[in-house]
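There are 2 protein chains.
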Amino acid sequence: MNEVAQQRCQLPDWRERLMSADEAAALIEDGMVVGMSGFTRAGEAKDVPLALARRAERDPLQITLMTGASLGNDIDGILSDAHVLARRMPFQVDRHLRAAINRGEVMFIDQHLSETVELLRNKQLGKLDVAVIEAAAITAEGGIVPTASVGNSTSFAILADKVIVELNLASPEALIGLHDIYVPGMRPDRQPIPVTAPDSRIGTPYIPVDPDKIAAIVLTHGHDSPSTVTPPNEATRDIARHLIGFFEHEVEQGRLTSSLLPLQAGIGSMANAVMHGLMEGPFENLTMYSEVLQDSTFDLLDSGKMIFASGSSITLSSSCGQRVWNHLERYRDRVVLRPQELSNQPGIVRRLGVIAINTALEFDIYGNVNSTHVNGTHMMNGIGGSGDFARNGQLSVFITTATAKAGDLSSVVPFVSHVDHSEHDVDILVTEHGLADLRGLAPRERARRIIDCCADPYYRPALAAYFEAASERGGHTPHCLEQALSWHITARRDGSMRSVVEATPTPAPVADDHV
Amino acid sequence: MNEVAQQRCQLPDWRERLMSADEAAALIEDGMVVGMSGFTRAGEAKDVPLALARRAERDPLQITLMTGASLGNDIDGILSDAHVLARRMPFQVDRHLRAAINRGEVMFIDQHLSETVELLRNKQLGKLDVAVIEAAAITAEGGIVPTASVGNSTSFAILADKVIVELNLASPEALIGLHDIYVPGMRPDRQPIPVTAPDSRIGTPYIPVDPDKIAAIVLTHGHDSPSTVTPPNEATRDIARHLIGFFEHEVEQGRLTSSLLPLQAGIGSMANAVMHGLMEGPFENLTMYSEVLQDSTFDLLDSGKMIFASGSSITLSSSCGQRVWNHLERYRDRVVLRPQELSNQPGIVRRLGVIAINTALEFDIYGNVNSTHVNGTHMMNGIGGSGDFARNGQLSVFITTATAKAGDLSSVVPFVSHVDHSEHDVDILVTEHGLADLRGLAPRERARRIIDCCADPYYRPALAAYFEAASERGGHTPHCLEQALSWHITARRDGSMRSVVEATPTPAPVADDHV
Numbered sequence: 001m002n003e004v005a006q007q008r009c010q011l012p013d014w015r016e017r018l019m020s021a022d023e024a025a026a027l028i029e030d031g032m033v034v035g036m037s038g039f040t041r042a043g044e045a046k047d048v049p050l051a052l053a054r055r056a057e058r059d060p061l062q063i064t065l066m067t068g069a070s071l072g073n074d075i076d077g078i079l080s081d082a083h084v085l086a087r088r089m090p091f092q093v094d095r096h097l098r099a100a101i102n103r104g105e106v107m108f109i110d111q112h113l114s115e116t117v118e119l120l121r122n123k124q125l126g127k128l129d130v131a132v133i134e135a136a137a138i139t140a141e142g143g144i145v146p147t148a149s150v151g152n153s154t155s156f157a158i159l160a161d162k163v164i165v166e167l168n169l170a171s172p173e174a175l176i177g178l179h180d181i182y183v184p185g186m187r188p189d190r191q192p193i194p195v196t197a198p199d200s201r202i203g204t205p206y207i208p209v210d211p212d213k214i215a216a217i218v219l220t221h222g223h224d225s226p227s228t229v230t231p232p233n234e235a236t237r238d239i240a241r242h243l244i245g246f247f248e249h250e251v252e253q254g255r256l257t258s259s260l261l262p263l264q265a266g267i268g269s270m271a272n273a274v275m276h277g278l279m280e281g282p283f284e285n286l287t288m289y290s291e292v293l294q295d296s297t298f299d300l301l302d303s304g305k306m307i308f309a310s311g312s313s314i315t316l317s318s319s320c321g322q323r324v325w326n327h328l329e330r331y332r333d334r335v336v337l338r339p340q341e342l343s344n345q346p347g348i349v350r351r352l353g354v355i356a357i358n359t360a361l362e363f364d365i366y367g368n369v370n371s372t373h374v375n376g377t378h379m380m381n382g383i384g385g386s387g388d389f390a391r392n393g394q395l396s397v398f399i400t401t402a403t404a405k406a407g408d409l410s411s412v413v414p415f416v417s418h419v420d421h422s423e424h425d426v427d428i429l430v431t432e433h434g435l436a437d438l439r440g441l442a443p444r445e446r447a448r449r450i451i452d453c454c455a456d457p458y459y460r461p462a463l464a465a466y467f468e469a470a471s472e473r474g475g476h477t478p479h480c481l482e483q484a485l486s487w488h489i490t491a492r493r494d495g496s497m498r499s500v501v502e503a504t505p506t507p508a509p510v511a512d513d514h515v
Numbered sequence: 001m002n003e004v005a006q007q008r009c010q011l012p013d014w015r016e017r018l019m020s021a022d023e024a025a026a027l028i029e030d031g032m033v034v035g036m037s038g039f040t041r042a043g044e045a046k047d048v049p050l051a052l053a054r055r056a057e058r059d060p061l062q063i064t065l066m067t068g069a070s071l072g073n074d075i076d077g078i079l080s081d082a083h084v085l086a087r088r089m090p091f092q093v094d095r096h097l098r099a100a101i102n103r104g105e106v107m108f109i110d111q112h113l114s115e116t117v118e119l120l121r122n123k124q125l126g127k128l129d130v131a132v133i134e135a136a137a138i139t140a141e142g143g144i145v146p147t148a149s150v151g152n153s154t155s156f157a158i159l160a161d162k163v164i165v166e167l168n169l170a171s172p173e174a175l176i177g178l179h180d181i182y183v184p185g186m187r188p189d190r191q192p193i194p195v196t197a198p199d200s201r202i203g204t205p206y207i208p209v210d211p212d213k214i215a216a217i218v219l220t221h222g223h224d225s226p227s228t229v230t231p232p233n234e235a236t237r238d239i240a241r242h243l244i245g246f247f248e249h250e251v252e253q254g255r256l257t258s259s260l261l262p263l264q265a266g267i268g269s270m271a272n273a274v275m276h277g278l279m280e281g282p283f284e285n286l287t288m289y290s291e292v293l294q295d296s297t298f299d300l301l302d303s304g305k306m307i308f309a310s311g312s313s314i315t316l317s318s319s320c321g322q323r324v325w326n327h328l329e330r331y332r333d334r335v336v337l338r339p340q341e342l343s344n345q346p347g348i349v350r351r352l353g354v355i356a357i358n359t360a361l362e363f364d365i366y367g368n369v370n371s372t373h374v375n376g377t378h379m380m381n382g383i384g385g386s387g388d389f390a391r392n393g394q395l396s397v398f399i400t401t402a403t404a405k406a407g408d409l410s411s412v413v414p415f416v417s418h419v420d421h422s423e424h425d426v427d428i429l430v431t432e433h434g435l436a437d438l439r440g441l442a443p444r445e446r447a448r449r450i451i452d453c454c455a456d457p458y459y460r461p462a463l464a465a466y467f468e469a470a471s472e473r474g475g476h477t478p479h480c481l482e483q484a485l486s487w488h489i490t491a492r493r494d495g496s497m498r499s500v501v502e503a504t505p506t507p508a509p510v511a512d513d514h515v
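Note that the protein sequences, when read in sequence, are chains U and A.
For the first sequence, this note's numbering gives the first residue as 1, with consecutive numbering after it.
For the second sequence, this note's numbering gives the first residue as 1, with consecutive numbering after it.
Everything labelled a hint here was simulated from the structure, so no lab data went into it.
Hints are not guaranteed to be accurate.
Unchecked claim - Pairs of lysine-lysine residues, derived as BS3-like cross-links and limited to a Cα-Cα distance of at most 27 Å, are as follows:
1. U:Lys-123 with A:Lys-305
2. A:Lys-123 with U:Lys-305
3. A:Lys-127 with A:Lys-162
Sequences are here, hints too, so could you generate the full structure?
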């Protein structure tokens with residue numbers, strides 16, 4: 001191991017800083033603010049967090065934990081179960097942690113992923129005590145080469161008082177050179193960030209840190225958790241088909257070229273299926289400017305349909321991971337990983353005109369989107385980067401299946417129980433039943449189109465009846481406030497929204513001519 | 001008049017294009033898409049729209065009307081009453097038009113002000129047939145010098161098939177040179193927009209258009225409507241005091257310098273009062289990077305507290321207008337007017353770290369903000385630029401008085417009836433009762449702070465009781481969905497929320513220690 005370590009670590013006196021995960025974890029004290037690497041379950045520090053959880057079992061401590069986004073290897077759950085997490089930001093996907101958040105035990109701060117380090121840099125989130133960063137290598141000057149994600153690691157390492165590096169000897173050596181690390185200047189004197197295309201390289205391939213701050217180097221050899229993305233099914237294929245058809249139409253109309261525009265896709269099976277769908281369309285020279293590069297990205301690169309992908313992390317299934325990680329050199333000229341404040345930077349997203357494709361939990365008849373809260377109250381994962389992209393890109397698409405829980409819950413509701421994306425930020429909605437193009441429409445027009453194009457046929461008459469009754473009351477965005485949340489109240493009581501449909505007096509016919 | 005016109009119009013053959021407003025209005029046909037100058041009731045075309053309304057009385061026609069933002073001189077109301085407006089975007093403040101929108105007669109598309117011309121440029125809003133632009137001058141090459149606003153005039157003039165120029169001979173000649181006109185490149189090849197400070201000048205002082213497109217020149221001499229901003233009162237002075245105190249604290253903590261950061265303030269009496277409050281604080285070398293420059297901007301410039309202000313329009317009271325318009329040369333080096341896609345550009349707002357100060361209609365205990373919809377359904381004005389700034393700036397502040405209608409309505413509610421700004425985009429909330437600093441807080445913490453700091457004491461116990469009951473049900477953002485909208489339902493029924501307070505069983509004590 002030491003021979004590999006010597007290759008990976010060029011820092012002259014690195015052996016003096018070598019210690020066990022338990023020793024390194026001892027540098028973290030109760031009440032500290034800790035920043036850890038990790039984004040979409042890729043590139044998280046693996047051993048120090050577990051050592052911290054073990055220590056907390058005998059010597060309780062609580063910290064504020066910031067990461068890039070979600071951690072893999074059940075680390076968020078283990079830390080949560082060990083009661084280590086007093087505060088957690090900006091994103092998570094863990095079942096145990098989610099439950100603790102919803103019990104009100106862990107204070108979870110759900111943030112736009114581009115914003116966390118902006119706030120930290122301006123001292124708006126307090127001082128960062130310790131950074132724990134997984135690395136593929138350390139340069140002679142102390143530069144840290146990240147592994148499968150950059151996330152917020154750059155600014156965590158630069159801003160923290162002490163840095164613990166987990167040097168992962170099992171990470172592919174070919175990661176070295178894959179990253180492009182750039183730190184925006186302080187405001188108000190910040191200069192334009194010179195990313196002008198997905199393949200722009202504007203920084204260094206490592207995180208530049210003062211080597212004196214590297215307080216510990218821990219040798220590890222763990223692996224990232226494989227992605228849990230499921231293959232496309234009939235519904236997600238239909239969603240993909242509708243969206244691909246829309247893109248083809250936009251090309252015909254001269255609003256997009258056959259290369260479309262740089263694509264962003266949220267994490268998960270649905271967005272992955274849509275990206276897979278692009279294999280079939282008449283597109284070429286596609287690019288991505290996204291957060292996470294999933295299986296579909298590498299399939300598109302392999303097929304020649306895509307020529308370049310920029311992200312902040314790589315999260316793959318086991319089989320795709322085998323292919324990519326063992327042959328990373330094949331992709332080296334076509335992939336770059338950036339800090340998430342760059343991958344999600346509003347100005348760059350606006351400049352490039354990104355097409356943003358994100359997943360909704362539910363949306364309402366006016367096109368307001370709930371991405372985060374089950375029945376308006378219980379956190380699922382977090383807003384992630386969807387707001388960075390949906391607000392600032394050229395086209396903002398939200399996708400979901402029209403129902404959940406075997407049809408018991410309609411994803412199209414009269415009034416969303418929580419708003420993450422207001423109707424101003426939503427151009428296109430897609431379910432397996434169709435696509436609603438909302439550009440340039442007023443709320444009343446949006447309602448008719450969303451009900452007709454996106455809602456499940458079973459729920460359509462009840463939605464149309466709600467809209468008709470609301471419209472009679474007037475308003476720019478008509479509502480019957482007494483009934484607005486009745487679908488969610490019913491779902492909370494019955495576990496199903498079906499009784500709302502059964503209670504709809506006369507199924508209002510949905511005319512065909514108003515779309 | 002012709003002598004003045006000759007001075008203002010250098011276009012060689014301009015006399016051949018001279019026509020009456022009625023003749024020019026005849027160029028606009030039924031069904032056309034028309035873009036007009038005008039932003040916050042400044043710089044709108046004044047005669048052609050009225051000619052269009054007159055013509056519609058005898059020869060009905062309907063158009064889609066796009067502007068920068070609101071029009072003055074009752075033009076929106078007159079056009080609405082003449083049934084000229086089939087569709088209207090992206091903002092309005094007119095009483096008559098508002099009523100027509102809320103009756104569902106005019107399709108109003110409420111847009112982020114930075115987005116309209118991005119959509120138009122990409123052909124996502126169809127083709128623009130005619131632009132009607134108020135000008136202070138026309139250069140020899142056909143360059144159009146705008147008047148008191150730039151708004152969307154630049155892209156309207158460039159993208160329209162035909163341009164009608166209203167050459168306003170009563171506009172101050174000193175306007176020439178005040179504007180900085182720049183058009184971002186097409187995506188995906190757009191280069192960084194080189195604004196790096198409020199005083200950056202990156203373009204031309206006129207709108208460059210193909211002179212062959214100038215189909216009509218109409219000589220006018222109308223004036224902009226004076227701003228209706230009311231002087232600070234006790235409540236708005238208290239709001240200003242809380243916010244100024246917060247800024248002072250931020251300076252002490254080293255999070256801001258005494259120059260703060262470039263300031264943005266929404267239009268209206270409340271934001272104007274806050275800006276006035278800055279006269280009192282220990283601040284210096286202030287700058288603005290905002291949409292609209294109001295009385296307070298010029299007072300701050302005159303006092304020496306502010307050194308530069310960038311906006312898209314100037315909207316002043318009669319008395320301040322006298323001072324500024326008659327001596328514009330005094331301000332020429334300290335003021336610039338830009339296209340609204342530049343003044344509101346997400347990337348520039350992020351780069352500069354703008355402090356965004358906008359007005360809320362209401363906000364909920366978790367910090368979600370409703371800026372637009374009275375009781376969730378009826379449009380007031382529109383979201384304007386608040387989303388461009390609140391999402392992307394360094395600090396996002398929303399202000400409102402704690403109650404409206406003499407205390408009958410609480411501006412702090414359990415659940416906002418409409419969301420324009422989700423809690424992710426809201427850092428600071430201020431009412432006359434206090435300031436809630438929400439940075440780094442989870443929803444349950446936000447609720448306690450908002451209730452204690454911002455709510456009117458009369459409504460606090462009922463809000464606290466709601467929050468306590470909701471918290472017992474669990475969730476990241478606890479709610480009792482059955483009661484969530486009850487305050488609005490009551491307000492709709494009674495015109496007052498007071499009976500909600502009266503029905504609150506036991507006024508829950510609000511502890512002091514949890515702030």
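Status of each hint after checking the structure:
1. U:Lys-123 with A:Lys-305: Since the Cα atoms of U:Lys-123 and A:Lys-305 sit roughly 26 Å apart, the hinted pair holds (cutoff 27 Å).
2. A:Lys-123 with U:Lys-305: This hinted pair holds, its Cα atoms lying about 26 Å apart.
3. A:Lys-127 with A:Lys-162: Roughly 12 Å between the alpha carbons, so the hint for A:Lys-127 and A:Lys-162 holds.
Every hint, counting from the list given before, is met by this structure.
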